[in-house]
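First to last, the sequence lines map onto chains A and B.
For the first sequence, this note's numbering gives the first residue as 9, with consecutive numbering after it.
For the second sequence, this note's numbering gives the first residue as 86, with consecutive numbering after it.
These are computed hints drawn from the structure, not numbers from a lab.
Any given hint could be a false lead.
Far from chain B by the CB rule (all over 10 Å, computed), these chain A residues [claimed, not checked]: (1) T96; (2) A126; (3) D155; (4) E159; (5) W171; (6) N193.
Straight-line Cα separation of at most 16 Å, EDC-like style, residue types lysine to aspartate or glutamate; simulated pairs [what the hints assert, rightly or not]: (7) K176/B <-> D51/A; (8) K285/B <-> D309/B; (9) K337/B <-> E321/B; (10) K370/B <-> D403/B; (11) K73/A <-> E327/B; (12) K49/A <-> E154/B.
Glycine included, each C-beta is placed from N, C-alpha and C at the ideal position.
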Amino acid sequence: MAIFDEENNRLSIKLVYYGPAQSGKTTNLMRLHDILRPDLKGDIMLMETANDRTLFFDLLPLGFKAPSGLLIKFKLYTVPGQVVHDSTRKAVLSRADGVVFVADSQRTQSTNNGEAFANLEDNAARVGIDFDRLPLVVQFNKRDLSDILTEAEVLQRWQAAPWPVLFSSALTGEGVVETFHALLNRVYDGLDREFEFQNRHLLSREAFAAQASGQIDRQAY
Amino acid sequence: MDTDTGHDFERDLNLQDLLLGIDKQRLATALQALLGAPIAIFDPRGACLLGASEPTNDIPGLPLYGELEPIGTIAAAVPQDRLKAAADLLKLLLHTNARYLMASDLHLQTQQDDFDELQRRHNALEQSEQRYKALAENLELRVKQQVQTIEQTQLKLYEAEKLASVGRLAAGIAHEINNPIGFIRSNLTTATSYLASLDKIGALLPTCQDIAALKTAWQREDMDFIRQDMRDILAESISGTERIAAIVKDLKGFSRVDETEWEEADLNVLIRQVCNVAAAELRGKAELQLDLGALPLLHCHPGELGQVFLSILLNAADAMGAQGSIRWRTAFQDNRIVIEVRDTGRGIAEADMPHIFDPFFTTKEVGKGMGLGLSVSRNIVQAHGGELTIASRPNTGTRVTISLPVKPGS
Chain A
9 MAIFDEENNR LSIKLVYYGP AQSGKTTNLM RLHDILRPDL KGDIMLMETA NDRTLFFDLL
69 PLGFKAPSGL LIKFKLYTVP GQVVHDSTRK AVLSRADGVV FVADSQRTQS TNNGEAFANL
129 EDNAARVGID FDRLPLVVQF NKRDLSDILT EAEVLQRWQA APWPVLFSSA LTGEGVVETF
189 HALLNRVYDG LDREFEFQNR HLLSREAFAA QASGQIDRQA Y
Chain B
86 MDTDTGHDFE RDLNLQDLLL GIDKQRLATA LQALLGAPIA IFDPRGACLL GASEPTNDIP
146 GLPLYGELEP IGTIAAAVPQ DRLKAAADLL KLLLHTNARY LMASDLHLQT QQDDFDELQR
206 RHNALEQSEQ RYKALAENLE LRVKQQVQTI EQTQLKLYEA EKLASVGRLA AGIAHEINNP
266 IGFIRSNLTT ATSYLASLDK IGALLPTCQD IAALKTAWQR EDMDFIRQDM RDILAESISG
326 TERIAAIVKD LKGFSRVDET EWEEADLNVL IRQVCNVAAA ELRGKAELQL DLGALPLLHC
386 HPGELGQVFL SILLNAADAM GAQGSIRWRT AFQDNRIVIE VRDTGRGIAE ADMPHIFDPF
446 FTTKEVGKGM GLGLSVSRNI VQAHGGELTI ASRPNTGTRV TISLPVKPGS
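Isolated chain A, as found in the complex:
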């Protein structure tokens, strides 16, 4: 749940990139850090071991000021995908306002995707998140690889699910901003209800997404 700090007139929104090990969660964050140009962008904090495995989490802070003067701060986290780090995953997921589930498009990874998604559902329940109401988007990453599920196959499998499904290639930055926008779009409704974005802070849905991403620097990649 977003935390409103009255003293500093600041709203902190927590977004979590969840998914199986090595599906590209950290890469998503790195590309966003490169591409996005919001008013405020902090340094990306990476905590990875020598073999590119996230140990605790990665963190990318972003922010902008709403017309009302409210500082809207985003904290984008990744969780460690390896099965053994479940306690860490649980702690990072705690109080999330929205989740991107980063799935691996490779055919060989279907089982891992399924298990990670079930783990997300379990951990959400454990930290008191109502999974049915949690803003969630699903991203099928690594579209640049061969031997991947076709878009038609993916869409058919997720046909009955209520979440938007996006395709990306985080390595090249393709689809990363679109995924972020899709999540912002889903997060907006709840925040608008709770904090009166439109009425009190004069912040429309479109402005919310546009300001969060700022001037997108497509030249970066």
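Given the structure of chain A, go ahead and fit chain B onto it with the hints provided.
Below, chain B alone, put in the same frame as chain A:
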């Protein structure tokens, strides 16, 4: 959810937090040496965390950024670009420290959560262990109570079965006893009338002068006959009381079911007693043959074995259609006492054979048997370490064999 653990890795880190673990003196000295001027670092409220103690307006300052927002100021009397370089250097240092602080807070937080979870599971396990323990104790107690109930019920059934078979005999035994009592009473009445005759002779004695009158009176009262008859009826009465005594003795020997003590007993004697007690029941139905071989004494419960013998004997009697025979044979072989009872009765139907030892199974009409005789008998024989087997051929007869081990030295 986890904010109460005290290790919230997401908490906002202020400048003081971020300087934790950094040797401030060395940092200040290094920065001063690089810049060639004294430096100072202040938090947003203007409190000095490093270097000079007071913020001064004439010394230029630059904001220090945390994640997104300024968390303090660095000030030194140097050109802007050099001050910015110092601020960048400091920021790199603080960023690295932030990484460490967040990671360690998260680590402590997950450790605490894991520990709490472990504790919770441990408590749950302990509770369930307690529950199972209580359940187990309770179960043991209840099983004990049930066993007690079953044992008591079984004892009552044994009692009932015993009473039923003894009850069946009661009429016959009553007749056996009544018969001698009848002639003993008749004899005593006669003896009383003989006493009247003796009185008459006795009345003459004080006045009588001559012996002839006495002789006349003696002959008138037929005292010679009386003397002889008196002897006869007294002998008859004595033998009658002996018969009664014998019946009572057999009955007593047989009815000692209540005596729970084991003792040495001669099974041949026991069989004879049972046959005597049941004599009236058998009369007119079956001829009894006893072919009893020499047996060693058996350490046993005579009352219970007597009940077994009676049950078998009464079953045989019930199986008789026309006049038949029941033959007892006992033998001692291979350290076992073998008792065989053959009857020439109607036998057991093949369909009934699998059920004959089932409690409450009976082919007799209602009121004639409880269906416990064989079931109880087999239990008693097994309690003596023995076996009870039955072979039967319809319309030919039945053979019951009891084999009892004689323990050496008993």
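Hint check results:
no., hint, verdict
1, T96, "violated, 6 Å"
2, A126, "holds, 19 Å"
3, D155, "holds, 36 Å"
4, E159, "holds, 36 Å"
5, W171, "holds, 24 Å"
6, N193, "holds, 23 Å"
7, K176/B <-> D51/A, "holds, 10 Å"
8, K285/B <-> D309/B, "holds, 15 Å"
9, K337/B <-> E321/B, "violated, 24 Å"
10, K370/B <-> D403/B, "holds, 9 Å"
11, K73/A <-> E327/B, "violated, 128 Å"
12, K49/A <-> E154/B, "holds, 10 Å"
Checked against the numbered hints listed earlier, the structure breaks hints 1, 9 and 11; every other hint is satisfied.
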